[in-house]
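Going down the list, the sequences are from chains U and G.
For the first sequence, counting from 1, position 17 maps to 17 in the numbering used here; every step adds exactly one.
For the second sequence, counting from 1, position 28 maps to 28 in the numbering used here; every step adds exactly one.
No false leads were mixed into what you were given.
For chains that are exact copies, the list does not tell them apart, and a pair is met inside one copy or across any two.
Only pairs whose alpha carbons sit at most 20 angstroms apart, straight line, appear in this in silico DMTMM-like list of lysine to aspartate or glutamate:
hint	residue 1	residue 2
1	K10	D123
2	K125	D26
3	K16	E138
4	K10	D111
5	K16	D109
6	K10	D124
7	K130	D80
8	K31	D119
9	K16	E131
10	K16	D111
Everything labelled a hint here was simulated from the structure, so no lab data went into it.
Protein chains: 2
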Amino acid sequence: MNKISLQALKIINNPKGNIIRCLRNDDELFKGFGEAYFSKISHNSIKAWKKHEIMTLNLCVVYGKVKFVFYDDRENSNNDFKEYVLSDHEYTRLYVPPKIWFGFIGLSDDDSVILNIADMIHDDKEVSRKEINFFSYEWSSD
Amino acid sequence: MNKISLQALKIINNPKGNIIRCLRNDDELFKGFGEAYFSKISHNSIKAWKKHEIMTLNLCVVYGKVKFVFYDDRENSNNDFKEYVLSDHEYTRLYVPPKIWFGFIGLSDDDSVILNIADMIHDDKEVSRKEINFFSYEWSSD
Chain U
1 MNKISLQALK
11 IINNPKGNII
21 RCLRNDDELF
31 KGFGEAYFSK
41 ISHNSIKAWK
51 KHEIMTLNLC
61 VVYGKVKFVF
71 YDDRENSNND
81 FKEYVLSDHE
91 YTRLYVPPKI
101 WFGFIGLSDD
111 DSVILNIADM
121 IHDDKEVSRK
131 EINFFSYEWS
141 SD
Chain G
1 MNKISLQALK
11 IINNPKGNII
21 RCLRNDDELF
31 KGFGEAYFSK
41 ISHNSIKAWK
51 KHEIMTLNLC
61 VVYGKVKFVF
71 YDDRENSNND
81 FKEYVLSDHE
91 YTRLYVPPKI
101 WFGFIGLSDD
111 DSVILNIADM
121 IHDDKEVSRK
131 EINFFSYEWS
141 SD
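Can you make the complete structure from the sequences, with help from the hints?
Right, dumping it as structure tokens:
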């Protein structure tokens, strides 16, 4: 699938601490396992912009609250910025296909923690980067 | 490998928030991707005892601090309890092969968050459970 997609995560309630199912290999959006890593983002810090040519991302916010912003500059795109807020109050997973620019801002007072389960091992050759002001998006912590 | 193994995680420092590499598909201990899920554990709560007959676990503490306790009751085991404390102050990954009993206790004031990357999808038929007092381990939050 070549579109961004947001999935609710299944939660198994437990009085000692819930269990949250993140990704299974029989999920229709599962593309294979390359690498899992955490990205932390401090309050009001912004990491932007980045684009993967090949890698598909599966993003979950494990702790805290993060706003992700996407910009698709390909032909046939409507060139809107798309925003998704993920948090540990309502667990979701964001499926992000390659070739879309993205950035994110930390919204919690504490550092937030993002898990990415990617379908390939990191390869800097497939990553493009732009300065934060390259796209005219107004970052805010609302 | 049929022994428990603790691996340090690679950390990429970033002033806006570090990146912590959790697991890659070329890791010598990687057995395949079945399912990723988070388990939360509240302060001083204990989840014990459980044993997987088939599943291999890869455990990381993403947030907080957790003590894991293992008990190998197979022949040729020395029948000791093995303890590992994992926390977000010193990121590690715990490789846990099947057929070993385990439990864990939350050591942070906040709920701790554990990530498990398992080599198979959850199947209750391969899971054994015992009451917390079945093994004579003295749980403490030290």
